[in-house]
Structure formats: C-alpha cells, structure tokens
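Visitor: Our numbering puts the first residue of the sequence shown at 1, with every later residue one more than the last.
Hints listed in this document are in silico derivations from the structure and should not be mistaken for laboratory results.
For clarity, every value in this text was computed on a predicted model and none was experimentally measured.
Beta carbons are placed, not taken as given, at the ideal position from N, Cα and C, and that holds for glycine.
Mixed in with the good hints there might be a few duds.
Using C-beta positions, here's what the derived DEER-type ranges look like [said to hold, decoys possible]:
no. : residue 1 : residue 2 : range
1   : S90       : V21       : 24 to 30 Å
2   : F34       : S71       : 20 to 26 Å
3   : L89       : L27       : 28 to 34 Å
4   : D76       : P24       : 51 to 57 Å
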Amino acid sequence: MSDSDAAGESTDASPGRGRDVVVPLRLYKTITVFSTLIAATSILAGFILLDAATLQVSVLRSLIVLAIETSGISPDQGILTGLLGVVGLSLMALGSGVFILSSRFRTAGMGNSQEDADEA
1 MSDSDAAGES TDASPGRGRD VVVPLRLYKT ITVFSTLIAA TSILAGFILL
51 DAATLQVSVL RSLIVLAIET SGISPDQGIL TGLLGVVGLS LMALGSGVFI
101 LSSRFRTAGM GNSQEDADEA
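Given these sequences and hints, build the entire structure.
Guide: What follows is the structure, given as structure tokens:
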C-alpha cells in the first residue's frame, strides 16, 4: 500500500486530471448535501444580485438604496451597479468552485467511468 493510498487519495496518474479523495460513505453524503446546498444558494443569490445590478427598478436594489440612505449617504448609481455586479459574479464563481471541488470526493467502490470503460 503506497503513501497516497494510506492518505485517502487514489493513484490516478492521467495527465490533466486531479486526484480523487476516497472518504467514508457518511462523509461523502455530508459533503454532497452541503456542497450542493452552498453551490445552489450561491448561484441563485448571484443571479439575484446581477438582476438588481442591471434593473434600476429592482425591489432588492430599492431596499439596498433605502438602507444606505438611512445611514445618511446618497449612493452613486454607477458605483452601486458595479458593486452589485461584482458581488453577484463572485457569488456565482464561489458556487461553481464549491461544486467543482466537491466532485473530487468519492467513496470506496465508486469507480470512474473511464476506468469502467477500460475493463469492458
């Protein structure tokens, strides 16, 4: 048994492909549930913020402007549009990254489709 197998990683040596991490089934289920929840929520929130950035009559944008104005600051519409757009795109990237990283985990006995095709 090699050191990488003992650490929970497979010894996949195909170029351009990261290594899968083998975890117990209970941990795999937990990772799958929470990463999917975080990814879906982040992407949905990102789209909502992009909508608020592009629509001048958005309810969320109106609430944000109202909250800023209660502190005595009058927000510039161009800066607000840019900030909402950047935050929206960042949330979407975060959700995508979480989903991509969570797809690296697998349990013992789960094979890759490429490995199964070679055995047939």
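Visitor: The structure should be examined with respect to each hint, and the outcome stated for every one.
Guide: Verification of the supplied hints:
1. Remark: the range hint 24 to 30 Å for S90 to V21 is upheld by a beta-carbon distance near 26 Å.
2. Take F34 and S71: their Cβ atoms lie about 35 Å apart, and the range 20 to 26 Å is violated.
3. The hint said 28 to 34 Å for the Cβ distance between L89 and L27, and at roughly 31 Å that hint holds.
4. Distance hint check for D76 and P24: the Cβ-Cβ separation is about 52 Å, which falls inside the suggested range of 51 to 57 Å.
Figure legend: structure checked against the earlier numbered hints; the only hint not met is number 2.
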